[in-house]
Amino acid sequence: MAELPGPFRLPVIGNLHQLKNPTCLTFAKFGNIHGDVYQLQLGSTKTVILNSVEALRQAFDKQGEVFSFRDENFTSFKLYNEVRGDENAGVTVRNANTDVWYVQHMLVGRAMKYYMFEADDNRFEKSIRSDVSKLISTWISTDQEEGFLIDPVASCQELIGHLKAAFILGDVCDDIEDFDKKLEAYSNASVEMLAMMRSGFVNDFLPFLGFLTKSKQSRMREILSVGAQFFEDIYKAHAVSYQCGSKETIMDCVATFQDEMEKEHPDRTRVPRKTVFGVIAELFEGVANASAALLQIMMYMVEFPEVQEKVREELREVVGASSSSYPSLEHREKLAFTEAVMYEVWRHSSVIKGTVPHTCNEDVVLGGSYNFLIPKGATVIGNLYSVHKDPKIWDQPSKFNPMRFLNEEDGSLDEEKVTNCMVFSIGKRSCIAELLTKRELLLVYSTLMHLCKFENVGSSLTMQEVGGFEVPRDGSLKIKITRTGVHDTSN
Numbered sequence: 014m015a016e017l018p019g020p021f022r023l024p025v026i027g028n029l030h031q032l033k034n035p036t037c038l039t040f041a042k043f044g045n046i047h048g049d050v051y052q053l054q055l056g057s058t059k060t061v062i063l064n065s066v067e068a069l070r071q072a073f074d075k076q077g078e079v080f081s082f083r084d085e086n087f088t089s090f091k092l093y094n095e096v097r098g099d100e101n102a103g104v105t106v107r108n109a110n111t112d113v114w115y116v117q118h119m120l121v122g123r124a125m126k127y128y129m130f131e132a133d134d135n136r137f138e139k140s141i142r143s144d145v146s147k148l149i150s151t152w153i154s155t156d157q158e159e160g161f162l163i164d165p166v167a168s169c170q171e172l173i174g175h176l177k178a179a180f181i182l183g184d185v186c187d188d189i190e191d192f193d194k195k196l197e198a199y200s201n202a203s204v205e206m207l208a209m210m211r212s213g214f215v216n217d218f219l220p221f222l223g224f225l226t227k228s229k230q231s232r233m234r235e236i237l238s239v240g241a242q243f244f245e246d247i248y249k250a251h252a253v254s255y256q257c258g259s260k261e262t263i264m265d266c267v268a269t270f271q272d273e274m275e276k277e278h279p280d281r282t283r284v285p286r287k288t289v290f291g292v293i294a295e296l297f298e299g300v301a302n303a304s305a306a307l308l309q310i311m312m313y314m315v316e317f318p319e320v321q322e323k324v325r326e327e328l329r330e331v332v333g334a335s336s337s338s339y340p341s342l343e344h345r346e347k348l349a350f351t352e353a354v355m356y357e358v359w360r361h362s363s364v365i366k367g368t369v370p371h372t373c374n375e376d377v378v379l380g381g382s383y384n385f386l387i388p389k390g391a392t393v394i395g396n397l398y399s400v401h402k403d404p405k406i407w408d409q410p411s412k413f414n415p416m417r418f419l420n421e422e423d424g425s426l427d428e429e430k431v432t433n434c435m436v437f438s439i440g441k442r443s444c445i446a447e448l449l450t451k452r453e454l455l456l457v458y459s460t461l462m463h464l465c466k467f468e469n470v471g472s473s474l475t476m477q478e479v480g481g482f483e484v485p486r487d488g489s490l491k492i493k494i495t496r497t498g499v500h501d502t503s504n
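Going by our numbering, the sequence shown opens with residue 14, and the numbers climb by one from there.
Treat each hint with caution, since some may be false.
[What the hints assert, rightly or not] Derived DSS-like pairs: lysine-lysine, alpha-carbon spacing no greater than 30 Å straight-line: (1) 323 with 405; (2) 91 with 75; (3) 493 with 441; (4) 195 with 260; (5) 412 with 323; (6) 430 with 405; (7) 195 with 491; (8) 493 with 466; (9) 347 with 430; (10) 75 with 402; (11) 42 with 229; (12) 195 with 227; (13) 91 with 227.
To be clear, the hints were calculated from the coordinates, so they are not data collected in a lab.
On a predicted model such as this, the values are computed, not experimentally measured, just so you know.
Whenever a hint applies, use it, and build me the whole structure from the sequences.
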């Protein structure tokens, strides 16, 4: 058993003084020196950084039961649970090995799969077609051939927010006063909250300095209160509108499946409906991640026009060129290059830089090729930036090459490579909406590419970090949009 390597640390503050933004680059730099698993002392918190595909898979997947905890002493996590009023709901739930966790995630996972793949009227795809068509119509009026997308950040966030609302709530949105404004406020609050939780408060690591961060604590409480009120509005509106047995929306499906489960298995742990629905809040919190992921795809298509054209050629060949033809999940197997581009954009851009901190609930030896002792209570962070630049997995990782996600033999999607693209993390604590978001973004982006051509008009692109994501600075990206000839605003 080996001791974890790591840099020299100072008394009291440890290595906090060495962390520079973006922290993913600092973690990667230390990884080049100390290996893909090493320790830092961040104030009073022993922190283990995982810098490779192998390390994340070993800890969060193969040994996931031990590493699937959150640090209950983190001030940010305490505030989250306090304001939300339910320690069994949300990304900060301490223990992911409980019956409550299982019931929540089983019901919500089943509901999402039903909504996407089993609903009779194909409402998942219809919602995407409708909202994407409306968005294009706002960019390009019916009597002109081209337009300019001035603020892609706002457009992507609004589109994904509306889609999530349609999937989760449907017509219930109409019963919530000022729903669009509340959704926008919640989406913006989620971006800020994620930034705080990913970076951590100073007093997460130096709790005795809490008096120095009262303003930040107050701000996080305000942000979380926006989310708590938004969730309360959703819960109450759904409780009024829900009809027993309904499967119109994801929330309906969750409620119906829970009722069925409790009748069929009366001895199983009973979880309050509101606690089960607490996981739904995570789906809305994912708007920030999903909109950033979509925005990156659009930016790369502008940056690599030859790749954009190859995607469009595949879409024309598989989907067709008639005004009524739209990409569908039925086409997915034949759209391997189109999907490969999506994964390569996420890998190359490292659209999500790191995981929310985990912790282990007991002393544990990290297995596989490591044999490191990780002490009980250590904070464990996956550096997704390094994972997606891992030279042991990715040949020429700095090069943008969608072909790396395709099998050489038949051109199909390489599922092993897909699992190594850990944008949604891995294991029990991975994003519950991973499948929903992947399919949603594939259809949104492929529909956009099918209906429109996107070109840079010579603007000088500058980036800014918002909530842990790199996005274009407001007004710095202007995109020329031209119809491809298959747009039909009536659908």
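Here is what the structure says about each hint:
{"no.": "1", "hint": "323 with 405", "result": "holds (28 Å)"}
{"no.": "2", "hint": "91 with 75", "result": "holds (28 Å)"}
{"no.": "3", "hint": "493 with 441", "result": "violated (42 Å)"}
{"no.": "4", "hint": "195 with 260", "result": "holds (25 Å)"}
{"no.": "5", "hint": "412 with 323", "result": "holds (18 Å)"}
{"no.": "6", "hint": "430 with 405", "result": "holds (12 Å)"}
{"no.": "7", "hint": "195 with 491", "result": "holds (28 Å)"}
{"no.": "8", "hint": "493 with 466", "result": "holds (8 Å)"}
{"no.": "9", "hint": "347 with 430", "result": "holds (18 Å)"}
{"no.": "10", "hint": "75 with 402", "result": "holds (22 Å)"}
{"no.": "11", "hint": "42 with 229", "result": "holds (29 Å)"}
{"no.": "12", "hint": "195 with 227", "result": "holds (26 Å)"}
{"no.": "13", "hint": "91 with 227", "result": "holds (14 Å)"}
In this structure, the one hint that does not hold is number 3.
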